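Dock chain one against chain two, each of which comes alone in its own frame, and use the hints as you go.
Each chain, letter by letter, is given below.
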Amino acid sequence: MIDIPGRAVTPAGALRRRDFLRVGASSLLGLTLADWLRLEARGEVREAKAKSVIQLWMNGGPPHTDTFDPKPAAGDDYAGPFKKALPTNVPGIQVGELLPLLAQQADKYSILRGMTHPSNGHETATYIMQTGTLPSGDLVYPAVGAVVAYKREEAGYKGVLPPYITVTSPLGRFSEAGFLGSQYQPFATGGDPNAKDFRVGGLVPAQGVTAERLQERRSLLQAIDSFARGMDKDGQFQAMDAFQQKAYSLILGDAKKAFDLAEEKDDLRDRYGRTPFGQSCLLARRLVAAGVPFVTVHSGGWDTHKQHFERMREMLPVLDKGMAALLADLAATGLLESTIVVWGGEFGRTPKIQLDPPWNGGRDHFSTAFSCVVAGGGFKGGQVVGATDTRGEKVKERPVYPWDLSGSLYQLLGIDPHGRLPHPHGCVAYVTPVAGGDVASGGLLTEIM
Amino acid sequence: MVLGLIALAMGAWGLAAPVAAEEAKPPKPAATPVAPAKPSDSAKPSDPAKPSDPAKSPAAPATGGQATSATLVPAPAKAPTAPTGGQATSATLIPPARIALAATVHYAADIAPILDRYGCNAVQCHGAATGKGGLRLSLFGAYSDEDYAAITREAAGRRINRVEPARSLLVVKATGGEGHTGGKRIEPGSPEAARLTAWIAEGASWRDDKAPRLVSIKVAPETLTLRKGESGNVTVKAAWSDGHEKDVTADARYQVSEPGLAEVVAGKVQARECGETAVVVSYLRRAAVLRVAVPQTLPGPFPAAAGATKIDELVLAHLKELGIPPSGPCTDEEFVRRVHLDVIGLLPTPEETRAFLADKDGGKRAKLVDRLLARDEFADCWALKWGDLLRIKSEYPINLWPNAVQAYYHWVREGLVRNKPYNQFATELLTATGSNFTEPPANYARAIPKRDPQTLAEATALVFMGARIGCARCHAHPTEDWTLDDDLGLAAFFAKVQYKNTQQWKEEVVWLNPDATFRHPRTRQTIAPKLLGGPVVEVGRDEDPRRKFAAWLTAPDNPWFARAIVNRIWFWLLGRGIVHEPDDMRPTNPPTNPELLAYLERELVGHGYDLKHIYRLILNSQTYQRSSKTDPLNVRDVAHFSHYPVRRIEAEALLDAIGQVTETTEEFSSRIPEPYTRMPKGFRAEQLPDGSIGTPFLELFGRPPRDTPYEEDRCDLATMRQALHMVNSSHLEGKVAGSARLQRLLKSEKSDAEIIEEIYLAALARAPTDAERTKVLEYVGKDKKARAQAVQDVLWAVLNTKEFLCNH
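Respectively, the protein sequence lines represent chains A and B. Going by the working numbering, the first sequence opens with residue 504, and the numbers climb by one from there. Going by the working numbering, the second sequence opens with residue 401, and the numbers climb by one from there.
It is worth saying that the hints were derived from the structure and are not from the lab. The structure displayed is predicted, hence computed values, not measured ones. Careful: at least some of the hints might be erroneous.
If you only want the chain B side, here are some residues facing chain A, beta carbon under 10 Å, derived [stated by the list, open to error]: (1) 523; (2) 795; (3) 852; (4) 858; (5) 868; (6) 1046; (7) 1047; (8) 1103; (9) 1112; (10) 1120; (11) 1121; (12) 1134; (13) 1137; (14) 1202; (15) 1204; (16) 1205.
Using N, Cα and C, we set each Cβ at its ideal position, and we do this for glycine too.
Just chain B, with the same shape it has in the complex (with noise of 0.2 Å):
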């Protein structure tokens, strides 16, 4: 009688009532653990029984997770609706006519996209960590049941109204009334707004159980080629689990990576500016990727030039295809510098330079490429890139402690320098145990900012896959239909480190306990392990489920591993990645030449691993071989390495290069923690073990932290305190005035001419050219008196020129 009172009551304010049985009857609102099936209307064949509600909170609260935590208070106090099931005394408010007729219009299928197009669950919206007006939506539309919930039960269901369905809240709101500040988002008299109606007349069902699944999308062609200027279509075609297909250009989702480049209304592409884009259709949670070139027109025939290995092959055909001409090659004063700053982290001495340039042999360019792999400052330098990568840090966040770092930087170098396969390098750092003193790459399971399986998985694939999948952790990735639940999968592969003390003084043992299990952070359920985008593991007791990750990760097969590092290399050497950012590889962020990515990754596969050998065929090759000169034809390439991209010098080298020149040293220190660390004289900056010991130099100049692993931490723009630094610190004057280099120059016989050309030789690995020549001695031979002075203002000129600053 009282339920029957509220129903009554509730009818007649247009609320939530329950409709007849023959509906299908939506899931629980976030409340209850599980749910019957996954959330997105796609399913997915390999976890039959997940939670429903993956995730509205990451780990647990110390994350204070401020990121669109989606860790949310639980949705606002929902009116207590009346159990569902049908009451019939509630049926009676409402026409007959709509009971007996069957749904057509379903949240899932119909009005989740609706909401996605219109940005109603944008980040600035409803998509906010708390929402907006009091609605939350997931992010991206990633959790539709959860927003399925929010929109027909919360808020005592009043946000749709099913006896006037065109005066529900939803509808109102969307098409401008009612005050709703994200403003008009549906014309009211549109197809949406009609689609949002007839859903909520037919009593807003959630799904059609017995619809067929969405499965993927296409969109054709795959490649559309443009001239500037012009618009062609595409049409975006959704095919579903038992068969059939439909048309949704017009209700996709259109994402163009170079947003100046062309835009893409409803299948229309309008192409604005020459060169490639993607751009990412994406519909229901499932995407495809659509690539839009628009070649340049050239002048005269694309120049002939002959690749000389099979990478110039590849990067030629790709320019062509665009329209874009090569420059030409560098000199050799280039390129010796060049490949000396890449390869060792140091300059070419100016004997060095003199003995390459004099060098009448045809491979000799070759040849100083195998000298300079060969060499022991290959290993520091590069140990330098690992150890930012690791985050071999001593101090906070990372906290690995000043021994630990030791030990495993030396482990890591001591690789470098016997070239130890990097498959073999992987899978030793992922399975290690032991002491962070004794078991070096015990340490790689140490080198994060917290300790749990989460944070360690996430960074795991970010160095080793180059995948973002800690994105998933606090919402579904914006694009990849990667949710929290392949971020708990992975993680669940550590499931089993754990940490334990000895007596020494910060030992700490990295130890695999056979009985820990990785539970979900909000309903703690025990997740198994499960590879991204792949299948549930199996792992016994006794077992470590990282080998099986690392057997995983180290197939010859695996798409992630090997591309991962061919891509950063060659990022590394060219300063861009085939996929940009090195460390953002997905389905939706292609290569810019998948061609080259392939062929670079079969040669690392095919070679045992053996990263020398991409090394040594990238920088063998035409491509990283061009000058940095452009010509306006392509002086606004940037991905397709039509010429070599002038950079400004890393912080560590940079550093090193400065004392090259000025023959002088650098003290380096860690003020915490107590005893100070001191590094020995005459260390290099590329010597460094520890990212906690450094000197302001290198952080002023763009030396990462070694927070995270992200490359992008690396910066080397410009700013202004570097510019007051160069042009007048103390410590640039203390080097150039206390150059050991200077002072042996003027105290030989030497003549300015010769000082001068041991200057830019040292410094540019060139001479002098005639001009500069002769403004430089007008400058020294002012005052006779002053020599000493004014060839100290000639060494510090140089060395504020952006020449020497950048490498070119």
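Just chain A, same shape as in the assembly (with noise of 0.2 Å):
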């Protein structure tokens, strides 16, 4: 079978644009199906080591010399109050002040600190790390959660719960799903899971719709559907159909308890802090005991141009917490082996503090080296890679770019970095831009894998 470029297209007009044609003639470009399955073959990846990963994504941009960089004693302007570095489990590694819990964990984790991409605008960066590869004038590349639902489901994911999850709104800044369409997009929770009425819009009947009542419904739509039964002749009323199904079973079934906190015990919820944050890792954290390949943990207010200081107090602890107390747990729980915990925002900030007004005391987006944190999965914890100068300013060795990152995410899930997206106009795509052009790469993070 080969792939040619060509529309496949369904018979009521609408598109499949992301299936190649698939050709089983060998006698039209002489690859016999023994072939091109060899081919395949090659391009297989050793098995995979994670099954889900839960991206901590700080929205705004966390600073990489307050958490995970420190640099105490780069001076008044670049430490700020912030003059100490804890030491950690590791021997050699230290972290900022305000993280004294995930010091206690550091053997659970390796910090990438010499990340580096060019861009510092908010879309352009959260782009640029969401997806793994720089900006091209003609596709809008799916973000590695939706890359990552869409390899799953190709391997037939048979979960009742949707792929990609983010906890608790989507990201807002570009498409997550890119060209593979709208029904990659993330499921988003919605709602506050530290609130005490918490519940996902969606897959708890809505409210004033008792379960009884939604199964009236069902029936009563089953009477009056009728329109279909006569020309379903493309699939597409079946999908709806299967879809429907799916839903029905997803909302008055069992799986949907995966979102109740309320069956966690209090002082775990405790432990991980009753904030928004602390609870979203915490449901992140059963999503993927239940079988969810991606989730997001989206926290936002990191964007800290002005009171920077104040902020960081109040945000770094809550911080601490939840990922101390979710680390911990997944490994209590034995899930740390097959999860991947990645943290990091779109960049970091400007390890100088911005004095003057209007920021008076802010940092500002520092794109050119940052830090990222990895855990579990395959990622062997307790290490550091790479390194950046006396103040953060600038990587000295081994610069990571975002798909060095996302490759060796991709790796460890089983799926080829240099393997192929559907191009939505049958051209190529590739998972990384490793795979297709010249673009600077550091390499996989071969160290801690």
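Shown next as structure tokens:
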């Protein structure tokens, strides 16, 4: 079978643009099925270590010099009030002084201090970090989560829960599904997991509709939905019916219990912290335990141009508590081996504090050098990859580009980093740009894989 | 002496030893910028001195170009080959007899087709962006001079063995030996293997310079009509510049557009299913199109339908040819709902429906069409469509900015309200300059993800010509003979467009720099503006090259402009273009009904580019007004318009329809940039000006993100989360429970039956059937106390029926 560019059109004229034409006849281009399978086999990746990913996304850009790449000796106008760096339970590694709990978990994660990419704009940088590609004039690429959802579905994902979930709102900076199409948008839970009446819209019967009423409605609908019976020729209607059945099983079944935080013990919930972020981390862990391949915990408010240190004093302890609890919990429940945790934002923040008005002590966007953290799922813990200079302003050794990070994630998930995505116009799109073009690359994170 | 030694050594290893001077000298490898002639074997008279290696690299590295970027690291370090020019010393190693023979087998004419035909340069193999096994060939064999260099000179020339040609790596690997990952491509004893060997034996000649150039290929017959299961034969003849022809049937490549329908092997066509397909026949970068029609055998005569309009005559003639009987006309109920949705994006109100159904006037459908075309909402609906095409979006990656978006959108909408002629519309957009706030059409040059002439030219070609010239940026187009030079030539028309900011926040001025030129991204040579498939255009320093382009584009005899838009309108109204897809128009993607397309084209040009005229023609045709019900004889037809295609209603229209039926409103907002934008209450989704303003519902139901102008970005396929939303979202539940219409109806004295009829009329433009009425009345009447709830359930159920969700 060979893929050639073409237009695969379903009979109603609706486009199934993401199918290449598949030609069984070997005569067309001279490659027999056997040849093709053999070629495919060469691209096969060793078996996957990780089953899921929890992405802790710090929207706005978290400061690297105040978190995982502390530079306490850089001086007042760099370190500000945070002049101490905490030793961790791994000798030789230090983290920022406001992350004491994470300091005790350093054996579980590795810090990538050499992250770098060229854009300081929120949207572009978010795009770059989320998709692991540089912006191209022609296509909008899907985020890593959408790619994972797509690849998992191709591999036969049978779970009832959506494969790509965002806790709690989508990023909003760009279309996460990219050219894969809107069905790969993340399912956003909405709401506040820390609230007592947290309900995930769409999964729990809407207010005022009991499960019985839902069933009654279902039978009524079945009785009057006769339109398609004469004319289902293209599978569209069958698909709609199938999805409807699946929706009912999701709403009326047990799978949605994964979203019910009340099932967790109170002291565990306390350990994560009774904050939206903390409870979101707990929710993410539950979802991953239920088999969801990709969960993004969307934490906002990190764009601290002003009042940076005040905000850090509020936000870092929350981060510390939630993330440390997450790592400990995953390890305790045996999920850490098969779950990748990746922490980061679209960029870091300027090591040099902006003291003049209107910032008066803030940090600006900084993509030249920043930090990400990875843990679990095949990543070794307790290491540092890459280093920045004494101030944290330039990558001194071992740069890590966004596609190096995403490529490593894919590799551990069993997705070939040199593999392909279904180009909407029948051309070729690669999972990471390393396969297709000349981009600088520090290589996959083999040091910790 | 040293050179002699090197040559000697190389000769001993069978490396690319230079041979006698009689042989045609091959062009140097990719390193040098200018080479003797155009790469592909066929000369193009219009561009004499073009750089020979048009582009391994597309634009500047900033593209990051992942999609098969032929941006490549320069070819792997070549072994320092001895300078050519025939050092006589090496010739002593080769039997004198070989030198004396003039080469008869040449790369360009004889070897390149083999590599093409047997998939050597396919994207999975050596045509991949980084090649395979160290050998990289150009995709689709477009740059055969580079391929020649790769095969004969790269890797220290060890791919060919001039001393023992049969042991050349090229031959050995192609015939399946020596660990070739691609396996056996060619049978060892076959003529192709012999040809490869002979070519090398004769010294691996590049091209016979004296040989004539390939001009075109022709397939005969051009249309083949077969019964299902039958087979037929075509011959492909290639014509050369000196007049001689050669039969290349066995060497050509055949690509069937509907593979299940027919198979073609070396000219033998086997028909498998009924229908029609195009087969692209290509040979050495020349292509021809073969149509294979496999008519259905009808049990009786083709229904004698009187074609009401010219459109119908043409469509019926085509259907008759293929033996596909058309469906009957749609009912009035179906028509009133369909035409309202298609023309103004709204459902007909129950009053409008009742009035239309009761009207006894024979010409009421035509009058309805006229009324709808004159309504304000027409401009809303179609400004939305144009917003998709023109990418009117304030945020990433288009970054127009909200104020500019508002100005741009209103300008487009005004044009629709006043029914501006299409050629004027296009010209104004293409040639506008000025501030993005005060000169709205100037935003045309800004609404692209990357501000460079190439991207602008490609977007222009896509929107106004329906041509995907952008494919040629990274590699030659798969079937058309469009190369990077065509892409760059078009880009040169937009070379003078530049941007500058003013002191006002986010204001940007589009201006023309008379001295700006467009340079080849790699060789840095200046590119002159050149029309696609046309000549280089002279543009003076003070002239706006875009005007010349616009003049060419909107000329009455331009083969792209009118064709693209009438095909697009047909696609918008009938779900599939006469050329499909509507933004993939090229000679090798022929229209299913060329006469119909030509007719519509003439009509547009002949009526002063009045788009509404085309709408009127189509909407008043029987073809548009056919029922969507099929019978077994036409159920599989997707491309020939034997019946109306059922499609799910588009996201914006669907949301508005739900709002109409429930009589509720929606809130639209944009969360970026700050301060957040909120549209006023009562705003409809169809009126949304900005691709960045919306609600999650719209994205869920396939609203295009407006990042690119492709029609397919709007996705009407069903997804799991859509089902979840319709079954159980608080959004829909809020609309049902809070429905003003229901509250009104429940408060009134109306009976159950009357309420139900109202719901059906509002949502489905028809009264319930008897069976439906019985079932629903039974449901509502079950519990008198829970009447309100039951009626809500009925409303919910109706909104969830496929009939409501689809346009049929």
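- Item | Enumerated hints in conflict with the structure, sorted upward | No hint contradicted; all consistent.
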